[in-house]
Every structure is written in structure tokens, then in C-alpha cells.
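Those sequence lines, one after another, are chains A and B. So the first sequence is numbered by our numbering: it starts at 854 and just counts up by one. So the second sequence is numbered by our numbering: it starts at 1174 and just counts up by one.
Hints listed in this document are in silico derivations from the structure and should not be mistaken for laboratory results. Where hints are given, some of them may not hold.
Each computed DSS-like pair below joins lysine-lysine, with the alpha-carbon atoms no more than 25 Å apart [what the hints assert, rightly or not]:
(1) B:K1472 with A:K940
(2) A:K879 with B:K1383
(3) B:K1498 with A:K998
(4) B:K1383 with A:K940
(5) A:K879 with B:K1472
(6) A:K879 with B:K1340
(7) A:K947 with B:K1227
(8) B:K1340 with A:K899
(9) B:K1227 with A:K1012
(10) A:K880 with B:K1472
(11) A:K942 with A:K1012
(12) A:K899 with A:K879
(13) B:K1227 with A:K1008
(14) A:K1008 with A:K947
(15) A:K998 with B:K1227
(16) B:K1273 with A:K942
(17) A:K932 with B:K1383
(18) B:K1227 with B:K1273
(19) B:K1340 with B:K1498
(20) A:K942 with A:K880
(21) A:K998 with B:K1472
In this text, all values refer to a predicted model and were calculated from it rather than measured experimentally.
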Amino acid sequence: MAAIEQEKTDLVEVLSSELDASITLKKERRMWVEIDSKKIVDVCLKALQLGFEHLSTISAVDWLEEGRFELVYHLWSYKYRTSLNIKTKIDRNKPSISSINSIWDTYAETCERECHELFGINFEGNSNLTPLFLEDWQGPPPFLKDFNWREYTLKEHYKEENPREQVYFEVKK
Amino acid sequence: MTSVKKKYDASDFEMFFGPAHPGSGNFSVKVEMRGERVLKATADPGYLHRGFEKLMEYREPMQNSVLSDRVCVLEPLQWNLVHAEAVDDLMDYDVPERAKYIRVILAELSRIQSHFIWYAVLSLGTGFMTGFNVAMGYRDYILDVFNLITGGRVYPAGYICPGGVRKDLPENAEKKILAVLDKIEYMRKFASTENLAWLSRFKEVGILTKEEAIKYGATGPILRGSGFVTDVRREDPYEIYDLLEFDIPVHDEGDAYSRFRVGMEEIEESMKIITQALDRLPEGEVRTPTLKPIVQFRKANGETYIRNELSRGEGAFYMVATGEKTPYRVKIRGPSFSHMIPILERLLTGVNYADVPAIYWSLYQCPADVDR
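Isolated chain A, as found in the complex (with noise of 0.2 Å):
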């Protein structure tokens, strides 16, 4: 067990060089990292080939004050147990990033396309970037901090005047 934990020590100062960027160990077996978005591919596929085989998720954060959006890559090392947690933030106003799919394939593709789907984030090199969960949806990306789902809702599905309500407010002859 020492052992690992000297390991860990030493994976810390590995990655940070080996990665080009400073690694903070925020709690244990949780490390986090900023880099830039351009660096994206190259710092994932280093972190593989140093062990970090299992991509978790990708999560976005829309910033909106910022006028940027995060991205965050959760990956999980089984040969050291510890997580690394890969930041990067791209501009709100054309959101674009290169994809991973050369690294983890489909998975990271369907990830992908989730952000697409909910953020609007376009990723260069997926070519499939399909919706996955909304069906016929005109709208904004829903997930966005500026997008207020109820005001939508209210406005197009709730109202007498809307076609699709009319058929609850007719009166029967």
C-alpha cells in the first residue's frame, strides 16, 4: 500500500511533465487539471498511454458571465486508482473543440454527441454527432444557462392559443 501512495507522489510530478501542465491533487485519488482546448487530443492520448484507460464521462459547464463553456474529462486509472480530471474551456460564441474519437471510439463519440445535443458544441472529426434523447426539437440547446425552460414551456404549450392546445379548451356540441 506504501508503495501506491509513493507512486502517486511521483504520478503527480509525472504527469505534470509529461503533460505540460501543473496537477493538483485536490483530495485523494482525485487530480485535476486546466489546459487548452487545442491540446485536447494530444493530452488525452497521454494520459492512455500513461493509464488512464477508462473514460468516464464528459460533462459541460455553460459559464454564461464568462462567455465560455467548460469542458470536463472525467478519466479513471485502474493501475494507479485515481482519477484525472481534465478542464478545458472554449469560447461561448463558437463553441468548438477536436474530438476523442480517435482515442476512445464510440464512447467518447456518444459523449460527444450528448454535449452537442444539450450544449451545442460542435466537435471537429465526429461525424456523428446525431441528437440522442430530443426528437423534433426546434428550440435552442436546452441545457443552456440562457434557455429558461419555463418560460418556453408556458409560451408554446400552454397557451388557448397554440394549435397544439386547442383541442383541451374546445366545448363539445
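Fit chain B to the given chain A structure using the hints.
Frame of chain A, contents of chain B only:
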């Protein structure tokens, strides 16, 4: 049969497996067929999208703990636990020892009843109706325990909440849990006996190699069924799992049968965990004495990523707090997201249509956590 493609001859066609198929759940797979062979499969989720991640941004953590049950019907208490741990971590709560034990006991009971459902749907898929009825019947004993402890049979309404659990165990709960464990022992033996129906339908069907399993993000029984020893409870221990003794069942073949065997062997391990936890159950508080939870959460600032071993694989919560009374962003990672989309599509390619149900159910699916 929905359409015949004109560009091929008449033996090429597309059809849907689900969402109206008995037992497929709220999920459908579009399969392109040539004769009886599947050429290509495309998963089509979205029938159960409720937008939990967005809903949680509008609610306080205590309300969210009630919402978190609904992520998946198979193991609501385990989803409660992941959510509660994420909030605990953000707020730096020191959860009382007794609450940790109660959480583990309920999570493991939840795992057993979830595996019974798995046995039941697998039986349904292979036409072994006795198996379905027996498994669902024995599951009911565990639901009765949930009813006694949490007040809800299937959904505990946020029983495992940030800071501990909502209420202490009732007086006779420990006795009842032991009695129920005794009763379900019959079902465990029934599930682990070799059955000709299982062998003929599942053996050497839907083989997933270890390398592929890791690449496509498989976790839990699916990954262990491909011969990879891993368990979040052992490698990334939470609550009191590092104090407990249990084995990790693994099978090397990677086919539908070995995945199923791993699941059934886990029932025994969960029973071991529950007996150990009940033996050592300490006295004391079950909830951190705090200010009002809303006031507390306003102090939380930062982010956390919490992983748990659910009955079906790795479940995780990514939560960001910015000092508001509601979380700024919540992301839920369900185990079926990888099992039901990339892995299912990969395994169904090139198989005989008669094997589709066996592969589908052997992946321990729950469309609810794919869609969220």
C-alpha cells in the same frame, strides 16, 4: 417489419427492436437485417428523457435528493447515495458512523433486488416465465424492508440525504433484514443453479473482449464478465466499504452467460456485506446536526466528481456549486449510457436476430439512466 429498402433485394429490411417490445423497456434499437442476420444496429434512446440535470439546477439539494431516486427504477437507493455523497463532499459534511452503515446496508439490499430484476427480465427474454415470477416474488420481500425503513417500496423519496439518512432504523428493522436475508437465500441458490435454458441461449453469445470493454467504457458486471477485476467499492472506497470483507466475482469468457453469472454471484457478496454491517452497526446520530440545508449549501463553492459502484456499473455525479442555494451544474453518469449505446451497437453487429434479446438483456439495461 417497417420498410423494405428498394436498393437491396427483398431479403434486406429494417426493423425496430423496442420500444413496444415486451421487456425492452423505454428504448429502441433499429436493426438493419439481411435475412436473419443483423447488418447494423443503431440505438435510439430518448423515450425517457426527463432532463434531471437541468431540473436539479432549479432545486435545492434536499429536493434534489428526492429527484435522484427517479434516475433509475432498478436501484433508487444507490442513486440517492451518489447524490448525497456529492453534496456531502461539496459541503464538507462529516457523516455520522451509524448513517454510513445504514447507507451501505440499504445500498446492498438495493443491489440484491436489482439483480433479482435482472434475473427476471433475462427469464422473460428467454421464455422462462417461472424464473420471472419467482425472482419478482422474492424481490418483494426486500421491498417490504424498504417500506418499513424508508416508507416507500420502490422509491425511498430521498431517504439517503445529504448529511446522513432521514430517519433512524425502526426498532425491528435489523431483525427483519436478517429474516429477509434468510428467505432470499432460496432465490440465490435458485439463481445460481445451472439451467439448460440459460446455457443454450446465453453461452458464447455476444462476446465482448476485455480490451473492447475498457475502450467502450464498460463498468460493473459487464466489465467483470469480460475478465477484468475491478470494483469501485474496492478501488475508490466510499462510506465504510474499505472496512468490509467481500470478494469480486469475475468470469473470463466475456459472453452473455458470464455476465449473468457475475451478477448472480454478487448477490452472495452483498449478503455477506449486509451481515457484517449489521453486526458492527454502531449507536448514535444518523444525521449531521446542521443549519438549514439551504443556508449550508450557500457556503459551498467548488466542484466534485463522485463515483459509486451501482448494481449495474459505475454511476457518478459531477456537481458544481457557486454559492447559490441551488447547484450551478449537475451531470449524471449512468452505467447504461456506455452499455446501451456503443457496446450494444458493437455486439449486435453480425449476430443472428434470435440472439438479440439475449444480448440486449445480458447488458443489464436501464433506459432511464441513459436518458436521464
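Hints, one by one, checked against the model:
1. A C-alpha spacing of about 23 Å is found between B:K1472 and A:K940, which places the hinted pair at or below 25 Å, so the restraint holds.
2. For the hint pairing A:K879 with B:K1383, the CA-to-CA distance comes to about 31 Å; that exceeds 25 Å, so the pair is violated.
3. Straight-line distance between C-alpha atoms of B:K1498 and A:K998 comes to about 16 Å, which keeps the hinted pair within the 25 Å bound.
4. Between B:K1383 and A:K940 the alpha-carbon distance is near 28 Å, which puts this suggested pair outside the 25 Å criterion.
5. With a C-alpha separation of about 18 Å, the suggested pairing of A:K879 with B:K1472 holds against the 25 Å cut-off.
6. Between A:K879 and B:K1340 the alpha-carbon distance is near 32 Å, which puts this suggested pair outside the 25 Å criterion.
7. The straight-line distance between the Cα atoms of A:K947 and B:K1227 is roughly 22 Å, inside the 25 Å bound, and the hint therefore holds.
8. In summary, the hint linking B:K1340 to A:K899 is not supported, as the alpha carbons are separated by about 47 Å, beyond the 25 Å threshold.
9. Proposed proximity of B:K1227 and A:K1012 is supported: the alpha carbons are some 23 Å apart, at most 25 Å.
10. In summary, the hint linking A:K880 to B:K1472 is supported, as the alpha carbons are separated by about 19 Å, within the 25 Å threshold.
11. Only pairs whose Cα atoms come within 25 Å are accepted, and A:K942 paired with A:K1012 is rejected, the gap being roughly 39 Å.
12. Distance hint between A:K899 and A:K879 is fulfilled; the C-alpha atoms sit about 21 Å from each other, no more than 25 Å.
13. Between B:K1227 and A:K1008 the alpha-carbon distance is near 19 Å, which keeps this suggested pair within the 25 Å criterion.
14. A hinted pair counts as satisfied when its Cα atoms are at most 25 Å apart, and A:K1008 with A:K947 does not qualify at roughly 28 Å.
15. Taking the CA atoms of A:K998 and B:K1227, the gap is near 9 Å; set against the 25 Å cutoff, the hint holds.
16. Among the hinted pairs, B:K1273 with A:K942 is inconsistent with the structure: their alpha-carbon atoms are about 37 Å apart, more than 25 Å.
17. Taking the CA atoms of A:K932 and B:K1383, the gap is near 15 Å; set against the 25 Å cutoff, the hint holds.
18. Pair hint B:K1227 plus B:K1273 does not hold up; C-alpha atoms about 29 Å apart against a cutoff of 25 Å.
19. Simply put, B:K1340 and B:K1498 have alpha-carbon atoms about 24 Å apart, close enough for the 25 Å limit, and the pair holds.
20. For a cut-off of 25 Å, the pair hint linking A:K942 to A:K880 stands: about 23 Å separates their Cα positions.
21. For the given pair, A:K998 sits about 22 Å from B:K1472 by alpha-carbon distance, which is consistent with the 25 Å threshold.
The structure does not agree with the numbered hints 2, 4, 6, 8, 11, 14, 16, 18 stated previously, though it agrees with the rest.
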